[in-house]
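Chemist: With the hints as extra help, turn the sequences into a complete structure.
Mature numbering (1 follows the signal peptide of the UniProt record, and there is no 0) puts the sequence shown at residues -23 to -1, 1 to 518.
Hints should not be assumed to be uniformly reliable.
Label pairs and their computed distance ranges (CB to CB) [as the list claims (entries may be wrong)]:
id: 1; residue 1: P128; residue 2: D337; range: 54 to 60 Å
id: 2; residue 1: D461; residue 2: R154; range: 31 to 37 Å
id: 3; residue 1: T179; residue 2: F257; range: 24 to 30 Å
id: 4; residue 1: K433; residue 2: E55; range: 30 to 36 Å
id: 5; residue 1: V261; residue 2: L302; range: 45 to 51 Å
id: 6; residue 1: P369; residue 2: T179; range: 50 to 56 Å
id: 7; residue 1: P350; residue 2: T179; range: 24 to 30 Å
id: 8; residue 1: K338; residue 2: G507; range: 20 to 26 Å
id: 9; residue 1: T271; residue 2: R393; range: 27 to 33 Å
id: 10; residue 1: N30; residue 2: K368; range: 32 to 38 Å
Keep in mind the hints are simulated off the structure, nothing from the lab. Glycine included, each C-beta is placed from N, C-alpha and C at the ideal position.
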Amino acid sequence: MAAKVKFSAVLINCLSLLIAVVAEDPYRFFEWRVTYGTISPMGVKQQGILINNMFPGPEIRAVTNDNLIINVFNELDEPFLISWAGIQNRKNSFQDGVYGTTCPIPPGKNYTYALQMKDQIGSFYYFPSLGFHKAAGGFGAIRVSSRPKIPVPFPPPADEYTVLIGDWYKTNHKDLRVQLDNGGKLPLPDRVLINGRGSGATLNVQPGKTYRLRISNVGLQNSLNFRIQNHMMKLVEVEGTHTIQNVLSSLDVHVGQSYSVLITANQPAKDYYIVVSSRFTPKVLTTTGVLHYTNSNKPVSGPIPDAPASMSWSFSQARDIRTNLTASGPRPNPQGSYHYGMVNVTRTIKLANSAGDINDKQRYAVNSASFYPADTPLKLADYFNISGVYKPGSISDQPTNIPIFPVTSVLQADHRAFVEIVFENKEDTVQSWHFDGYSFFVVGMELGEWSPASRKVYNLNDAVSRCTVQVYPRSWTAIYVALDNVGMWNLRSELWERQYLGQQLYVRVYTTSTSLRDEYRIPTNALLCGKASGHHHKGLL
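Modeler: Below, the structure is given as structure tokens:
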């Protein structure tokens, strides 16, 4: 865990009322130093990005409604930003940590994030959002536990383990970025890592006891399958939602997704393979770790268990992930008390991913719009009324048949609208989408093309609520989302090459209200850059 920051008059003044909170909600203070360092996850030395000399970075452990004050010192040779995948930053997109909302931390400088885990539980992670820093590290787990009096729908486990899985390159992240900047594509990854290791990751268990594994795919482009030799897993939570407790022999975890499973050490005392392998790739990458029984004297042996072969198996598993309607969420009422299936949809947005060239260079797009960052964070342009940075409505909310084109894509949306978003994927690869600031209900997922008649197969009873969802090849996925979080929010591909080369946009959730009940003011310590440089603001009073 990161060290508690020393109190000082400067820090207290800087952080004063950065976020509106109830007085009794606790604060947790962290100080992080981001540096380059030598790592060897594949037995070959390479440059990595460390946080407090750790790869992966330190785990954040919090409880519902905790306030996190994270002072980040950038000791790299280029600007740096951290984003918080799945943490909703209610009414506070200024702290989202992506370039559309937040100025990067310059080299040699620091910035203090102020986040509240408002009405949240679950398994998430943080990551560096600029350039290709994610290919060098700088990521770590976020664990938000329920408050002590809120019931959890399973007995307390003997312990909890974080399992960060992801594909990995031996190539330096700057060289990967240059390949993309020059119009190329990424090669296949070199390996899959488990908790930053290409082999030898170990989880220790005691016979007869049950453990919670919090699994996140922090990689760049590959869906992964997770399994443990001779052991079954019980799914209990997906990105902040308690689920129907399906029993699984293996679990597909697509890029950017997080899951919690329970395992029980109920097998003969020996060591067992933990297996992670890439899915739907020309060459299957497989990495193993060890589930070690504390009374074991036998090393791992026997065949490594295979992943299910078919895409249809993965499809079926995804459709079976549903909300546990009898369980509490961050509050004591059952999660099913909000009947999303009975709310009238006010708008249907269809988003189609595509690939193409712009100026003879590889690009990706959403509804033909290939995102290019502006010189100023979009949220700051809004706050300071700076013209010429972006145009609301610069991306269509329906697929087009025109060639892809460069634009700073911003979709305009009304606060409190209840929206249906359909992701269409006519390509041959699995897509993965994430919506900052929101959880959404995954109501449908099918092969073929979506049409209004497709709504007949929607799950309007117990669809899972999450923040990252996959779209299978030649398929569609439909979500319902209540746009109740004012701000400028990134909707992006989690396949990092595609995100970097344009498969993303921002959703401007807008209201004319200036009340703090709808949106917080700019933080007192907000960094200013681009056309916002030189402006002055008072921030929160």
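Chemist: Evaluate each hint against the coordinates.
Modeler: For each hint, the structure was consulted:
1. With their beta carbons about 59 Å apart, P128 and D337 fall inside the hinted range of 54 to 60 Å.
2. At about 36 Å, the beta-carbon gap between D461 and R154 stays in the expected band of 31 to 37 Å.
3. At roughly 28 Å, the beta carbons of T179 and F257 sit within the given window of 24 to 30 Å.
4. The supplied range of 30 to 36 Å is broken by K433 and E55, whose beta-carbon atoms lie about 51 Å from each other.
5. Restraint check, V261 to L302: a C-beta distance of roughly 37 Å breaks the suggested window 45 to 51 Å.
6. Between P369 and T179 the C-beta distance comes to about 51 Å, which sits within the given range of 50 to 56 Å.
7. For the pair P350 and T179, the beta carbons lie near 41 Å from each other, so the given range of 24 to 30 Å is not met.
8. With their beta carbons about 24 Å apart, K338 and G507 fall inside the hinted range of 20 to 26 Å.
9. A hinted range of 27 to 33 Å is violated for the C-beta pair T271 and R393, which are about 53 Å apart.
10. Distance hint check for N30 and K368: the Cβ-Cβ separation is about 44 Å, which falls outside the suggested range of 32 to 38 Å.
Of the numbered hints given earlier, the model fails hints 4, 5, 7, 9, 10; all others are met.
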